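Sequences and hints are given; from them, build the entire structure.
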Amino acid sequence: MAGSPTARRRRLSIELKKLRESRRMTCAQVGAALDWSGSKVNRMETGTGRVQPSDVEALCRFYEVDDELREFLKSLARQAKTKGWWQAHGNGVPAWFSIYIGLEQDASTFRQYQNEFVPGLMQTPAYAAELHRATNQMADEDINRAVSVRMERQARLQSPGAPDTWFVVHESALRSVIGDQTVMREQLEKVLETSELPSVTLQVLTFDAGPYPATGTFSMLGFPDPEDPDIVYRDGITDAVYLEGADEVRAYTRAFDNLRAAAASPHRSTHIITTLLKDYTI
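The sequence shown: position 132 = 132 (the working numbering), numbered continuously.
For the record, the hints were derived by calculation from the structure and aren't laboratory data. Owing to the predicted nature of the structure, the values given are computational and were not obtained by experimental measurement. Mixed in with the good hints there might be a few duds.
[As the list claims (entries may be wrong)] Dumping the calculated PhoX-like pairs for lysine-lysine here, alpha-carbon to alpha-carbon at most 20 Å: (1) Lys74 to Lys17; (2) Lys74 to Lys18; (3) Lys40 to Lys74; (4) Lys18 to Lys40; (5) Lys278 to Lys190; (6) Lys17 to Lys40.
In structure tokens, the structure reads:
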């Protein structure tokens, strides 16, 4: 079972939806039978509302599930109410991004295509702070919190259970100057350092790579439990989109495979970044 509160809430939602669909009932029908609204059942299945263990108990008795499954689902509901470590940073983590961090903590595979900036899991504190300042939406105190969260997220790449991680980064993201020469030199050094981790593969999509899927930045998270489907994540300035449909995930998987095929090999990518680094060497 996935470990973070976010992942537990997602797993609970998936299981509740499966139970209803196996009975060939609508949310409205289940709600009417339990004197609830259909929207309440829908919120429980989509993870947009807090699910109480007592509600899970009522659903399980209605669906006539066995005791073992009922206790498992109630346990998920109880554990989903706890807070993740990142939530202690307050405004440094927007609510819509908090969901993503919770899922990221449990991912066993991580794929990201980045065409604007160095991936967050490779950023230095100085580079990350410059990006947050550019949005002009956070106070300095919240920027410091946001940067701290980003650094803590990076630690998982060096943990014993690190996810199998693959980055495809467009050359323009590496050439865009963020901050001054010192910031860029340290940042490119950090990219090279991260790419040497056993769990990480890095490829650079060069300017001369030819045609490739015009997808924009996106991330894909895979999970160890087959009951937890993969997720495609895309974010903006004020919100994020989570895509979980089989067709959507399949399309992005194909796009990422095409990006990998078009990008330089990991060995050549290291050479490209080393060459770029020379421009910032004093």
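Hint check results:
no.: 1; hint: Lys74 to Lys17; in the structure: 15 Å, holds
no.: 2; hint: Lys74 to Lys18; in the structure: 16 Å, holds
no.: 3; hint: Lys40 to Lys74; in the structure: 17 Å, holds
no.: 4; hint: Lys18 to Lys40; in the structure: 16 Å, holds
no.: 5; hint: Lys278 to Lys190; in the structure: 14 Å, holds
no.: 6; hint: Lys17 to Lys40; in the structure: 12 Å, holds
Checked against the numbered hints given earlier, this structure breaks none of them.
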